[in-house]
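Colleague: Sequence order for the protein chains is A and B.
When we follow our numbering, the leftmost residue of the first sequence carries the number 1, and every step to the right adds one.
When we follow our numbering, the leftmost residue of the second sequence carries the number 1, and every step to the right adds one.
Check each hint, because a few of them may be wrong.
Here are some chain B residues pointing at chain A (derived, C-beta under 8 angstroms) [said to hold, decoys possible]: (1) 76; (2) 106; (3) 112; (4) 140; (5) 168; (6) 175; (7) 177; (8) 278; (9) 302; (10) 333.
Bear in mind the hints are in silico, worked out from the structure with no lab data behind them.
In this text, a Cβ means the ideal position worked out from N, Cα and C, and glycines have one as well.
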Amino acid sequence: MTTLAAPTRTTTLRDAIRDTLRGEMQRDPRVVLLGEDIGSYGGSYAVTRGLVEEFGTERVRDTPIAESAIVGAAVGAAMGGLRPVAELMTTNFALVAIDQIVNHAAKLRHMFGDQFGAPVVIRMVNGWGQLAATHSQSFDAWFAHVPGLHVVAPSTPSDAAGLLRNAMRGEDPVVFIEHSRQYSQKGAAPDDSDHVVPFGKARLVRPGRDVTLVAWSYCVPMAEAAADRLAADGIDAEVLDLRSLRPLDRDALVDSVRRTHRVVCVEESWRSFGVGAEVAATLQDLAFDELDAPVARVAAREVPMPYSKPLEAACLPAVDDIVAAVKAQIS
Amino acid sequence: MVFALSRQSAAPNVVPAAVSDLDLWDVHRAMLRVRRFEELAAQGYAAGKVGGFLHLAIGEEAVCVGASHVLAPHDHLLTHYRDHGWALVRGLEARRCMAELYGKATGVSGGRGGSMHFADARRRMWGGYAIVGGHLTLATGLAWAAKVQEPGTIACVVFGEGASNIGEFHEAANLAATWNLPILFLCENNGFGMGTRSERAAAVPDVARRAAAYGMPAWQVDGMDVADVVAGMREACAFVRSGEGPAILEAHTYRFRGHSMADPELYRDKKEVEVMRQRDPLAQVTATLRGIDATRVDEITAEVEAEMQAAVEFAETSPYPDVSTLEQGIVARHDGLSR
Numbered sequence: 001m002t003t004l005a006a007p008t009r010t011t012t013l014r015d016a017i018r019d020t021l022r023g024e025m026q027r028d029p030r031v032v033l034l035g036e037d038i039g040s041y042g043g044s045y046a047v048t049r050g051l052v053e054e055f056g057t058e059r060v061r062d063t064p065i066a067e068s069a070i071v072g073a074a075v076g077a078a079m080g081g082l083r084p085v086a087e088l089m090t091t092n093f094a095l096v097a098i099d100q101i102v103n104h105a106a107k108l109r110h111m112f113g114d115q116f117g118a119p120v121v122i123r124m125v126n127g128w129g130q131l132a133a134t135h136s137q138s139f140d141a142w143f144a145h146v147p148g149l150h151v152v153a154p155s156t157p158s159d160a161a162g163l164l165r166n167a168m169r170g171e172d173p174v175v176f177i178e179h180s181r182q183y184s185q186k187g188a189a190p191d192d193s194d195h196v197v198p199f200g201k202a203r204l205v206r207p208g209r210d211v212t213l214v215a216w217s218y219c220v221p222m223a224e225a226a227a228d229r230l231a232a233d234g235i236d237a238e239v240l241d242l243r244s245l246r247p248l249d250r251d252a253l254v255d256s257v258r259r260t261h262r263v264v265c266v267e268e269s270w271r272s273f274g275v276g277a278e279v280a281a282t283l284q285d286l287a288f289d290e291l292d293a294p295v296a297r298v299a300a301r302e303v304p305m306p307y308s309k310p311l312e313a314a315c316l317p318a319v320d321d322i323v324a325a326v327k328a329q330i331s
Numbered sequence: 001m002v003f004a005l006s007r008q009s010a011a012p013n014v015v016p017a018a019v020s021d022l023d024l025w026d027v028h029r030a031m032l033r034v035r036r037f038e039e040l041a042a043q044g045y046a047a048g049k050v051g052g053f054l055h056l057a058i059g060e061e062a063v064c065v066g067a068s069h070v071l072a073p074h075d076h077l078l079t080h081y082r083d084h085g086w087a088l089v090r091g092l093e094a095r096r097c098m099a100e101l102y103g104k105a106t107g108v109s110g111g112r113g114g115s116m117h118f119a120d121a122r123r124r125m126w127g128g129y130a131i132v133g134g135h136l137t138l139a140t141g142l143a144w145a146a147k148v149q150e151p152g153t154i155a156c157v158v159f160g161e162g163a164s165n166i167g168e169f170h171e172a173a174n175l176a177a178t179w180n181l182p183i184l185f186l187c188e189n190n191g192f193g194m195g196t197r198s199e200r201a202a203a204v205p206d207v208a209r210r211a212a213a214y215g216m217p218a219w220q221v222d223g224m225d226v227a228d229v230v231a232g233m234r235e236a237c238a239f240v241r242s243g244e245g246p247a248i249l250e251a252h253t254y255r256f257r258g259h260s261m262a263d264p265e266l267y268r269d270k271k272e273v274e275v276m277r278q279r280d281p282l283a284q285v286t287a288t289l290r291g292i293d294a295t296r297v298d299e300i301t302a303e304v305e306a307e308m309q310a311a312v313e314f315a316e317t318s319p320y321p322d323v324s325t326l327e328q329g330i331v332a333r334h335d336g337l338s339r
């Protein structure tokens with residue numbers, strides 16, 4: 001059987017996001033962007049470079065350094081009929097806007113009896129790089145805890161485009177998590193201005209028989225590297241990219257554990273009360289009899305991130321840690 | 001007596017309140033509806049039929065009635081959690097508001113919001129909000145959307161003076177002024193942030209004076225006098241509607257009841273309340289109208305009473321939301337795809 005593959009092109013994750021923003025702005029005049037230095041500066045990570053020149057300062061709005069106002073204005077504009085995409089320079093600064101994200105964006109639809117929603121995309125950037133304690137965090141699990149939010153985190157240019165487009169065309173608030181260390185990562189993306197990835201669908205990165213490595217965002221390439229290493233030792237690891245944390249694709253987790261019977265969840269944030277804990281609980285609830293070993297978690301050490309390079313490296317999960325966790329589980 | 005502050009905040013200029021076209025009969029009916037609604041809500045609370053927090057605005061009715069007289073139906077409106085009066089004068093049905101207090105499926109927010117969260121999107125009443133200051137930045141977004149899509153529409157955001165001390169007030173004011181947004185910050189200054197007198201919480205208790213920090217003009221009005229509120233609103237709204245940018249209107253008012261039904265009012269002298277009750281905006285208007293046509297006052301009173309008793313009856317007899325609907329309306333679609 002022959003299938004017709006959509007034509008693809010090679011692009012970076014940064015360009016995939018920018019091209020999606022541009023395409024949706026061309027398609028829908030209601031789409032507006034706002035954030036700190038997203039205009040003439042081009043964005044802290046150059047994601048929005050060139051867009052203000054193309055669409056003007058009314059649609060690509062630089063804001064004061066005031067995250068509550070950025071998210072609040074975006075939510076209000078969404079209520080008023082615009083389609084805002086807010087950029088928070090880093091996830092760390094989202095804490096300044098947490099009232100707007102959790103108490104407002106997430107609540108409006110239900111609290112007012114489903115009369116209106118807040119179709120707003122809140123882009124934020126995880127990452128690290130000797131930036132110390134307040135600039136090296138990820139709060140994926142915090143946001144994924146909140147009913148009313150969608151929380152997605154792509155690991156490839158194709159998913160970045162498809163998830164962002166779905167977010168921008170949807171009717172609800174979406175926390176869209178990017179990673180500073182992935183912007184230049186290249187990959188194939190469909191050359192399709194309607195390419196959409198629905199939320200709540202994990203991506204099977206590579207099938208395997210012996211263990212499932214669950215990851216998302218920056219941890220996906222780490223899991224793939226670990227799978228390569230394990231293959232050399234005769235261990236066939238499956239890699240599952242969650243892509244979407246809320247809703248979480250519990251079916252995909254169960255399907256995978258039915259194949260492999262072992263799971264290692266890799267995450268870049270602190271272990272306690274994290275996404276890995278939710279994955280473990282999910283599998284215990286839904287696939288207890290399929291598990292040949294307790295679900296293992298590879299996560300960050302539970303310390304505020306230090307500046308010094310060796311200390312920082314010691315905090316973060318590494319490919320070695322994943323390999324070791326799998327071998328410990330199998331032995 | 002309306003006081004106007006320039007963008008540079010010189011001493012306030014006194015602007016004579018010139019409102020000769022106000023129909024006092026309409027004003028009387030509107031204030032009476034709000035008053036009776038809240039008195040019956042308090043009864044429902046005392047009887048255990050209304051739960052949660054119940055914040056009454058009894059004594060403050062002149063502000064919402066006067067302001068709504070000036071706002072256009074297409075203007076956006078957001079309020080704080082003391083929202084009953086604002087909802088009623090905006091046109092939300094009293095019976096559906098009462099049903100919301102009773103937590104019934106027929107409530108304006110389907111029984112999901114309660115006292116603090118009355119909304120009607122069709123009337124652009126975008127709701128009462130219960131995180132102090134949180135709705136102020138939402139209003140900047142609505143004003144932005146109005147500026148882009150329908151010039152001439154403004155956003156009016158109602159807040160208490162207590163909210164002017166939280167960061168989101170300053171973020172919203174700065175953004176509104178920087179982006180030249182059509183937004184009226186309408187402060188109901190009732191003198192207390194819950195039980196703390198504003199002089200103890202604010203370095204500059206007159207919220208209108210803070211406007212100068214953001215290059216906005218401001219108006220101060222007597223919030224116990226409907227005509228004064230209307231006069232100030234006309235000037236402030238005309239300024240905002242002209243596209244010149246945001247403004248603040250501060251209405252000095254007073255609540256006769258506690259912060260909420262749970263408030264023992266240990267922080268103020270009962271005599272102060274009695275003195276302020278002499279300025280009851282409803283009583284003043286009622287007395288004036290009784291001198292003109294006492295029979296008509298009685299007729300209106302009976303009509304309002306019938307409406308509000310029917311509202312209670314409607315709330316009492318409406319069904320609770322079915323628990324099977326609990327998880328509906330949290331997101332439009334789980335997969336994020338458009339409906």
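Colleague: If a hint holds in the structure, say so; if it doesn't, say that too.
Modeller: Okay, the hints, checked on the actual structure:
The restraint placing residue 76 (chain B) at the interface with chain A holds, with a minimum CB-CB distance near 7 angstroms, inside the 8 angstroms limit. With its C-beta approaching chain A no nearer than about 10 angstroms, residue 106 (chain B) sits outside the 8 angstroms limit, and its interface hint is violated. Among the interface hints, the one on residue 112 (chain B) holds; its C-beta lies about 5 angstroms from the nearest C-beta in chain A, closer than the 8 angstroms criterion. Taken as an interface hint, residue 140 (chain B) checks out: its beta carbon lies about 5 angstroms from the nearest beta carbon of chain A, inside 8 angstroms.
Residue-level restraint check for residue 168 (chain B) holds (minimum Cβ-Cβ distance to chain A is 5 angstroms; threshold 8 angstroms). Taking 8 angstroms as the C-beta cut-off, the interface hint given for residue 175 (chain B) holds, the closest approach to chain A being about 5 angstroms. The beta carbon of residue 177 (chain B) is not positioned within 8 angstroms of any beta carbon in chain A (closest approach about 10 angstroms), and the interface hint is therefore violated. The interface hint given for residue 278 (chain B) is violated, since its Cβ lies 38 angstroms from the closest Cβ of chain A, which is over the 8 angstroms cut-off.
Because the beta carbon of residue 302 (chain B) sits about 32 angstroms from the nearest beta carbon in chain A, more than 8 angstroms, this interface hint is broken. Interface restraint check for residue 333 (chain B): the shortest CB-CB distance to chain A comes to about 7 angstroms, inside 8 angstroms, so the restraint holds.
The structure does not agree with the numbered hints 2, 7, 8, 9 stated previously, though it agrees with the rest.
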